[in-house]
Amino acid sequence: MINMQAEMEAAQPIHAPPTSFWRKYVFSIDHKVIAKQFLWAGLLFLFVGGVLAMLIRWQWAFPYREVPLLGGLLEGGRIGPATYQQIFTTHGLIMIFFAVTPVLIGTFGNLLIPLMIGARDMAFPKLNMYSFWTFVLSQLLVLASFLAPIGTAGAGWTSYAPLSTNVGTPGMGQTLVVAAIFVTGVASTMGAVNYITTVIRLRAPGMTWMRLPLTVWGLWLTAILNALFVPVLGSAALLLLLDRSFGTHFFMPAAVAARGGGDPILWQHLFWIFGHPEVYIMILPTFGILGDVLSFFARKPHHWYRGTVWALIVITVLSAMVYGHHMFVTGMSPLLGEGFMLFTLLISIPSMIVVLNWILTVWNGSIRFDTPMLFALGTVFLFGIGGLTGLYLGDISMDLYLHDTLFVVGHFHFTMAAGSLVGAFTGLYFWFPKMFGKRLDERLGKAHFWFTFLGLLLVFGGQLLAGYAGQQRRLFDPFQNPVYQGLAGLNRWTSFFAFALFAGQFFFIVNFFRTVFSKRIQPAGQNPWHVTTLEWTDSASPPPFHNFDRIPLVVRGPHEFSNPEVQRLTGRDFAGQAEVLPGQGEPAVSAGRA
Amino acid sequence: MLAAAGRAAAAPIPERGYGLPLDASADGHRIDSLIQFTTIATTVIFVVAGAVLVYALVRHRRGHPAAYQPGNKASIGLLVGFVAVVAVAVDGYLFAHTLADMERVFWNFSAVEKQPDTVRIEVQAHQWAWAARYPGADGRFNTRDDVVTLNDIRVPVDAPVLVQLASVDVIHSFNLPNFRVKRDAVPGEITKLTFQARREGEFEISCAQHCGPNHYKMRGVLTVLAPAQFREWLANAGELARVAYDPEDAEAHWGWGWRPE
Chain U
268 MINMQAEMEA AQPIHAPPTS FWRKYVFSID HKVIAKQFLW AGLLFLFVGG VLAMLIRWQW
328 AFPYREVPLL GGLLEGGRIG PATYQQIFTT HGLIMIFFAV TPVLIGTFGN LLIPLMIGAR
388 DMAFPKLNMY SFWTFVLSQL LVLASFLAPI GTAGAGWTSY APLSTNVGTP GMGQTLVVAA
448 IFVTGVASTM GAVNYITTVI RLRAPGMTWM RLPLTVWGLW LTAILNALFV PVLGSAALLL
508 LLDRSFGTHF FMPAAVAARG GGDPILWQHL FWIFGHPEVY IMILPTFGIL GDVLSFFARK
568 PHHWYRGTVW ALIVITVLSA MVYGHHMFVT GMSPLLGEGF MLFTLLISIP SMIVVLNWIL
628 TVWNGSIRFD TPMLFALGTV FLFGIGGLTG LYLGDISMDL YLHDTLFVVG HFHFTMAAGS
688 LVGAFTGLYF WFPKMFGKRL DERLGKAHFW FTFLGLLLVF GGQLLAGYAG QQRRLFDPFQ
748 NPVYQGLAGL NRWTSFFAFA LFAGQFFFIV NFFRTVFSKR IQPAGQNPWH VTTLEWTDSA
808 SPPPFHNFDR IPLVVRGPHE FSNPEVQRLT GRDFAGQAEV LPGQGEPAVS AGRA
Chain F
781 MLAAAGRAAA APIPERGYGL PLDASADGHR IDSLIQFTTI ATTVIFVVAG AVLVYALVRH
841 RRGHPAAYQP GNKASIGLLV GFVAVVAVAV DGYLFAHTLA DMERVFWNFS AVEKQPDTVR
901 IEVQAHQWAW AARYPGADGR FNTRDDVVTL NDIRVPVDAP VLVQLASVDV IHSFNLPNFR
961 VKRDAVPGEI TKLTFQARRE GEFEISCAQH CGPNHYKMRG VLTVLAPAQF REWLANAGEL
1021 ARVAYDPEDA EAHWGWGWRP E
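If you're matching them up, the sequences are chains U and F in order. Residues 268 to 861, numbered by our numbering, are exactly what the first sequence covers, in order. Residues 781 to 1041, numbered by our numbering, are exactly what the second sequence covers, in order.
Source of the hints: derived by calculation from the structure; they are not laboratory data. For every residue, glycine included, the Cβ atom is placed at its ideal position computed from N, Cα and C. A few of these clues could be false.
Covered stretches of chain F, going by a simulated chain U footprint (3 or more residues, C-beta under 8 Å) [to be verified]:
(1) 827 to 836
(2) 843 to 855
(3) 964 to 973
(4) 988 to 997
Please build the complete structure, drawing on both the sequences and the hints.
What follows is the structure in structure tokens.
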């Protein structure tokens, strides 16, 4: 054990921190700085994506009416059909690729993987820097697309061909966005390779697989999915770029292009082979964060840790085998459709295990309702709704009616916006003291929670109701159709709730900037939440450049709470993962065994 | 009371509020019953799990000492049992019923093909309209007596309808909410859809797949007629088509030879 520690020390010598401004803040190879860079970049685009969402809601509440505040950016001050399709397209793309992904995976992956496994940095620190700056390039491409002559992308975030080819959406804007998808795919792949290697190679001595914090499990499995499936999206985007700019016909059949011989359904296969793992890419880190945070704030070990780990692994494997449920109505072979339905229904089994383990973790705890815990519990409820509504859509019969309605939109927002985003807020409130050395304000945090939780519930609940009644998604003016006129009131109210949800985010913005920049706020201290994982017990807040003065020697699992023996020896209700209890000396735990 | 409800249900396009739209099809009830089942099942699961969680949040607060319980045989057994019951009772029920629905009804095109009274229609989608083609008296497509309509599809009540779909530009989706079916129209492919109307009236046809800026305007009317009325309309329209036929107008001859199963 001691030898292993010496080996890890030798493999990761302490380097002097960089001193120049550029090396320290801009082209940094420090995973903690890169995490903050991803956070800033992601939050900025989260705001942009949120504004676009408000424009969509304005259109559904008051179609044709002049848009307040933002009217100056729009032609004639109003949203027209062409602008509308660009708004919902970029809303989806920005939220998924340029807001939630960088915050959830870029920020927490970079910050937490080395700190939680007891490493001094990522396995490939330079690759990490390249990953971030490649990501920035993709964001710039998206911003540039808004300035293109006939506007940005308008083919939906799924970019279905041939609508996404020059036949349906000509112009530089769509091309730039497809290029941005390709470039961000390169960034994600670089990050993924790094995460996978780091977890495999740089775990501190004693940090066995079954002692990994669940957050690391979630992020590691996510990285595997990213490495396997983002390249598929990248290839598809590249082929689409060739179709758009070089006259190839990969996705254009003879029916739409004189010399075409391509297949539009090929795009859907390539897109969803990536696209369905992508929704798990966005939820697995949240699953991991919740698994840890619920245990931390219930002061109780995670219920059936091994069950959760195996469930997460099974979800990861199955997530690659369900993508066809997005294509039930394309005319796919019935046998294929039924196979995809079977796997889709099966994935509910490990998902239920994960959720029920959360509930049983909280059961019989001694619960602290700090802001991170509120967000974690909110995520459990919201993701629960998202998961259960998925049952309707994974079933072919019901999908025949519900496909492409707002029911789908409500469902995936409950999982991806509510689940992933609120999960990301959970992590942000929880690890903020580690990142910035100070705690976010509790009162502002709680106000932010209630606006966010109730807002999401009402907005996406409203969408489920509208979709159940048959309202199709992506309609510029749903109410020119008499069939939907009865739903105008519901849509307007949903919009009001959405505006409140957006307004509630200002509690967070104020809280965030005030805490980051204020000099008067007390330092949080090394371990303000009194929890067990290495980043809290063995490193300062914020951690030094080299994270750990000595590579920790891990002796127990991540959730050692309320153990009477620990209480007797230390007077505390928790024991750190690398903590040697008084009177116990060198622990009698052999390396490689849990 | 019942009569009023009946009248309301028979209104052409109900200006509906919440809930599922009027079901005008012979088989939509299969889907509606599954939706109903799923709503009940998911509500029960959500309420049971949510109640346990809320109870824990109220009961097991800070003052309550936490138990050192990483999970034991009883609690893991309870969890696995709950999951198993849900998996069999809900997932299993849905899978079995849907398999039967798909194989027997919604995707069973060969059975409809064999029925003698099947009405065949070719629908060609383009930005942003639905063109429909009936074979006319000769029973063959792309001939002189084809009846061609725009955003106006008529079918007889109580007869199976088989639609073959094509698109000339981007992907559209032929959506009949009152019949609980939809199917994509994909350029370069012929896709199929079948339904049977159970009641007369006018119903919505919409495009469900985003197909460009005017996607929201891409709509049509499906009119369900009494069989005699339908035959009369088709015969008249066929006569007019024969008169208006222009062999030079290549654009108008977009039909294709019917693709049997």
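Evaluation of the provided hints:
| no. | hint | in the structure |
| --- | --- | --- |
| 1 | 827 to 836 | holds (count 5) |
| 2 | 843 to 855 | holds (count 10) |
| 3 | 964 to 973 | holds (count 7) |
| 4 | 988 to 997 | holds (count 10) |
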